[in-house]
Amino acid sequence: MQAQGNGAESAATVPAPVPPPNFSWCEANVLSACAFPSQWEHLIYLSSVGVTCLVSLTEERHVKAPQLDGKELRIVRVPVRDYTPPTMEQVEQFIQEVLSNKARGQATCVHCAHGLGRTGTMLACYFMSAHGDDPETAIDRIRKLRPGSIETSDQEQLVYNFHAHIGQKCR
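Residues in the sequence shown are numbered from 1 upward in steps of one, following full-length UniProt numbering.
Hints may be right or wrong, so weigh each one.
[Unchecked claim] Quick list of simulated restraints, FRET-style, between CB atoms:
hint, residue 1, residue 2, range
1, P15, S153, 36 to 42 Å
2, T152, P15, 34 to 40 Å
3, R61, T87, 16 to 22 Å
No lab work stands behind these hints: they were computed from the structure.
Glycine included, every Cβ here is placed at the ideal spot set by N, Cα and C.
All chains, full assembly: derive it from the sequences and hints.
If you want it as structure tokens, here you go:
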């Protein structure tokens, strides 16, 4: 399923914003997460709350980049197979995207199909890298913010492996 709209809707025909399923802010005005934004109204909502970049972790479905009231919602694709962990390179790409956007005062939203497994894994890695969380703290933080996150033992193990990876990079 693709998000509805061709990116050329006029202000007169733009529907009211509706939050995407499972939407939440994980770091206020910096990083949010959601399930797949399948409706045009979801993209309008993201733009209305200040999101300028949508990181899509899905392989199976894609969101079209909309133009909303002159503001572009940029789509960055980091495709990760469902129920699997991302690679270290994918995690680093995601974190760099969030940090670059944050430095420009722009907000990022990350999604996968349900906003839990792949999304939760990336979020935990972000909090370790950007905020110095250890793996347990990062996983607990994300699971409190987004219950059900980090769905598989492989995804959880990736969080621990990424922590070791960033520790080695600092040496």
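How the hints compare with the structure:
Range check, P15 to S153: Cβ separation about 41 Å, and the 36 to 42 Å hint holds. At about 36 Å, the beta-carbon gap between T152 and P15 stays in the expected band of 34 to 40 Å. For R61 and T87, the hinted distance range of 16 to 22 Å is satisfied, since their beta carbons lie about 20 Å from each other.
Hint compliance for this structure: no hint is broken.
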